[in-house]
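Chains as they are written, first to last, in the numbering used here: chain A, 1 to 315; chain B, 1 to 315.
Do not take every clue at face value.
Only pairs whose alpha carbons sit at most 25 Å apart, straight line, appear in this in silico BS3-like list of lysine-lysine [unchecked claim]:
#, chain 1, residue 1, chain 2, residue 2
1, B, Lys86, A, Lys121
2, B, Lys225, A, Lys161
3, B, Lys4, A, Lys121
4, B, Lys86, B, Lys100
5, B, Lys125, A, Lys161
6, A, Lys209, B, Lys236
7, A, Lys225, B, Lys59
8, A, Lys125, B, Lys4
9, A, Lys234, B, Lys88
10, B, Lys4, B, Lys105
11, B, Lys125, A, Lys121
12, B, Lys59, B, Lys88
13, A, Lys57, A, Lys4
14, B, Lys214, A, Lys234
15, B, Lys225, A, Lys226
16, B, Lys264, A, Lys234
17, A, Lys236, B, Lys225
18, B, Lys121, B, Lys88
19, A, Lys226, A, Lys209
20, A, Lys225, B, Lys225
21, A, Lys214, B, Lys209
22, A, Lys100, A, Lys59
23, A, Lys214, B, Lys125
24, B, Lys214, B, Lys226
25, A, Lys226, B, Lys236
26, A, Lys236, B, Lys121
27, B, Lys209, A, Lys125
28, A, Lys264, A, Lys214
29, A, Lys225, B, Lys100
30, A, Lys225, A, Lys57
The following residues of chain A were derived to be distant from chain B, with all beta-carbon distances above 12 Å [claimed, not checked]:
#, residue
31, Lys4
32, Pro48
33, Glu82
34, His87
35, Asp132
36, Glu149
37, Asp188
38, Pro206
39, Leu310
Bear in mind the hints are in silico, worked out from the structure with no lab data behind them.
Glycine residues also receive a C-beta, built at the ideal position from the N, C-alpha and C atoms.
2 protein chains.
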Amino acid sequence: MTNKVAELFGITYPIVQGGMVWCSGWELASAVSNNGGLGLLGSGSMYPEVLEAHIVKTKNATDKPFGVNVPLLYPSIEQHIETILKHKVPIVFTSAGNPKTWTAKLKDAGITVVHVVSSSKFAAKAEAAGVDAIVAEGFEAGGHNGREETTTLTLIPSVKKATSLPLIAAGGIGTGSAIAAAQALGADGVQIGTRFAMSREASCHPDFKTLLTKLTEGETQLSLKKLAPVRLIKNKFFEAVFAAESAGSTPEALRELLGKGRAKKGMFEGNLDEGELEIGQVAALLDSIEPVSDIMHALVDEYRTSIAQLAHNSF
Amino acid sequence: MTNKVAELFGITYPIVQGGMVWCSGWELASAVSNNGGLGLLGSGSMYPEVLEAHIVKTKNATDKPFGVNVPLLYPSIEQHIETILKHKVPIVFTSAGNPKTWTAKLKDAGITVVHVVSSSKFAAKAEAAGVDAIVAEGFEAGGHNGREETTTLTLIPSVKKATSLPLIAAGGIGTGSAIAAAQALGADGVQIGTRFAMSREASCHPDFKTLLTKLTEGETQLSLKKLAPVRLIKNKFFEAVFAAESAGSTPEALRELLGKGRAKKGMFEGNLDEGELEIGQVAALLDSIEPVSDIMHALVDEYRTSIAQLAHNSF
């Protein structure tokens with residue numbers, strides 16, 4: 001049986017590693033690609049020259065397909081796109097912006113383009129813009145997130161109705177049984193962030209990873225909805241935001257409270273009190289830092305066990 | 001293969017109809033039970049004498065097992081419990097309160113007791129209180145909802161780890177493929193609210209049902225978090241709440257805005273502007289009002305198709 005997502009990217013398993021700010025450098029992306037998934041560089045936290053260095057290192061570390069995630073609102077996006085074209089990166093995932101702007105240029109260069117959406121309305125727009133596949137990401141996902149707060153369980157079937165493109169489910173997926181669940185809902189493949197942020201190869205700070213192993217249910221919350229909704233760990237910085245929001249703070253006041261460089265401070269520099277710490281709800285289920293090879297094996301094993309149990313337990 | 005949930009209740013399919021305020025009277029509950037699921041009366045919107053009348057009518061309409069959902073914070077709960085004992089209702093689902101208070105008394109009378117939770121911490125407490133099964137309900141569910149905002153996709157595996165009791169998934173489940181997804185995540189059965197609120201037999205107002213058929217993604221939102229979080233349709237009343245919350249309103253001011261009888265006004269009397277309209281995110285996927293028999297057949301058919309496709313498409 002061929003899988004649409006595995007076939008589109010030329011990979012073994014339809015498992016994409018999310019291109020996460022401050023987590024997804026060349027070590028993570030190449031390890032995922034070398035283990036049969038699709039590794040993505042997270043260019044949203046990289047200066048143009050840093051992205052270029054990571055692309056070159058990824059190419060040296062793997063001969064398998066890999067990609068770059070590009071947030072379309074990135075200030076130096078023209079430079080990112082030029083770097084991607086220059087180095088003939090085979091796959092680009094775009095997010096947080098209008099897919100019309102860059103899809104044609106990337107496709108003309110022979111690049112496979114995937115767009116990340118949080119609603120079936122945006123999925124239909126992405127299909128109209130000519131992308132090759134859709135990532136539909138639910139409310140439980142880490143980091144920046146849709147305004148409508150639709151969860152993965154309800155989002156995937158809606159997006160499936162809205163588009164005929166290969167469909168990749170994201171948000172809340174950190175285990176093989178969740179991959180089976182996503183497939184039951186109509187997804188062809190999955191994008192996994194949190195579990196890979198907790199891998200040895202992720203470039204985030206070791207103290208951030210250790211914190212992730214200890215997180216329990218309810219320790220993240222979608223926040224900063226008056227600016228751009230983002231799922232944060234409930235640390236000291238979050239508590240300040242929460243208090244400001246409860247008191248009715250304006251967007252301007254929240255922007256001032258947020259300041260600049262909070263995500264880097266938290267996830268890359270390991271300032272767990274003052275940093276902006278982005279992670280998905282599924283962190284509560286995960287409690288160890290593992291090498292990517294172990295994660296990929298576990299995901300596939302868990303998935304196959306789950307499929308076998310479903311057939312056995314069905315009514 | 002025996003199913004833990006079907007076996008516990010003595011029913012054909014492990015599908016429970018949620019006991020929803022203003023929607024779940026004797027016609028709905030008996031229809032679900034007569035079609036192989038478990039029907040529940042929603043006692044949270046019933047005066048004691050109304051609950052008694054509905055129990056008697058349900059017994060006249062079905063010889064299959066049925067139950068009553070009892071919100072533990074209901075003001076006349078002692079009377080509800082006495083009515084349930086007097087009429088030997090075989091199954092009680094408790095929610096919104098401490099399961100320690102009533103579980104032993106109900107169990108002593110031979111009643112099967114199930115408690116609804118929104119976290120694995122509460123699931124462990126319910127197991128310690130002696131309940132027979134757990135409903136774990138995610139953020140996407142309609143009506144009152146947990147503070148931690150954990151979605152069904154991430155909640156079910158966590159609760160599965162925390163308890164060995166039969167596990168019923170709720171929130172976002174309105175189709176057979178979502179039943180398969182819930183089972184992949186570790187649930188033994190499901191509780192479905194929204195799809196049954198849209199049945200012919202539901203006791204809510206026809207105009208409310210018609211509105212549900214037209215809802216699209218993003219038209220509900222978890223609201224009133226400073227009081228008790230509740231998922232509402234974004235109508236005129238919601239907009240007033242949202243504006244007050246954005247401006248930092250106190251719990252007292254929100255309570256005054258809410259007033260009394262809003263849920264009845266909206267869902268039972270059909271005042272779609274001023275009423276409190278509770279429904280799950282999955283309403284966006286559903287677009288018709290059907291008899292319960294059709295819904296039950298469709299759920300089981302969709303479920304079996306989904307299981308067969310999973311086996312066929314697995315990697």
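- Query: Given the hint that A:Lys125 pairs with B:Lys4, does the C-alpha gap stay at or below 25 Å?
  - Reply: Outside the cut-off at roughly 44 Å; violated.
- Run the C-beta distances from A:Asp188 to all of chain B and say if the shortest one exceeds 12 Å. 8 Å, violated
- chain B versus A:Lys4 - minimum CB to CB distance exceeding 12 Å, so not interface: Contrary to the label, A:Lys4 does not stay out of reach of chain B, its closest Cβ about 9 Å off (not over 12 Å).
- Query: Between A:Lys100 and A:Lys59, is the straight-line Cα distance small enough, at 25 Å or below?
  - Reply: 28 Å, violated
- Task: Decide if the proposed pair is consistent with the structure: B:Lys4 and B:Lys105, CA atoms, cutoff 25 Å inclusive.
- Result: 24 Å, holds
- Does the structure keep A:Lys264 and A:Lys214 at a Cα separation of 25 Å or less? 21 Å, holds
- Message: Between the alpha carbons of B:Lys59 and B:Lys88, is the straight-line distance 25 Å or under?
- Response: Given that 25 Å is the threshold and the Cα spacing comes to 10 Å, the pair holds.
- Query: Is A:Lys57 within 25 Å of A:Lys4, Cα to Cα?
  - Reply: It is violated: about 28 Å lies between the C-alpha atoms, which goes past 25 Å.
- Regarding the pair B:Lys86 and A:Lys121, is the alpha-carbon distance no greater than 25 Å? The hint is violated at about 52 Å.
- Task: Check the non-interface label on A:Pro48: least C-beta distance to chain B beyond 12 Å or not.
- Result: 35 Å, holds
- Message: So if I understand the rule, the pair passes when the alpha-carbon distance is 25 Å or less; does A:Lys225 with B:Lys100 pass?
- Response: 37 Å, violated
- Query: Given the hinted pair B:Lys4 and A:Lys121, is their alpha-carbon gap at most 25 Å?
  - Reply: This hinted pair is violated, its Cα atoms lying about 39 Å apart.
Hint compliance for this structure: hints 1, 2, 3, 5, 6, 7, 8, 9, 11, 13, 14, 16, 18, 19, 21, 22, 24, 27, 29, 30, 31, 36, 37 and 39 are not met, and every other hint is.
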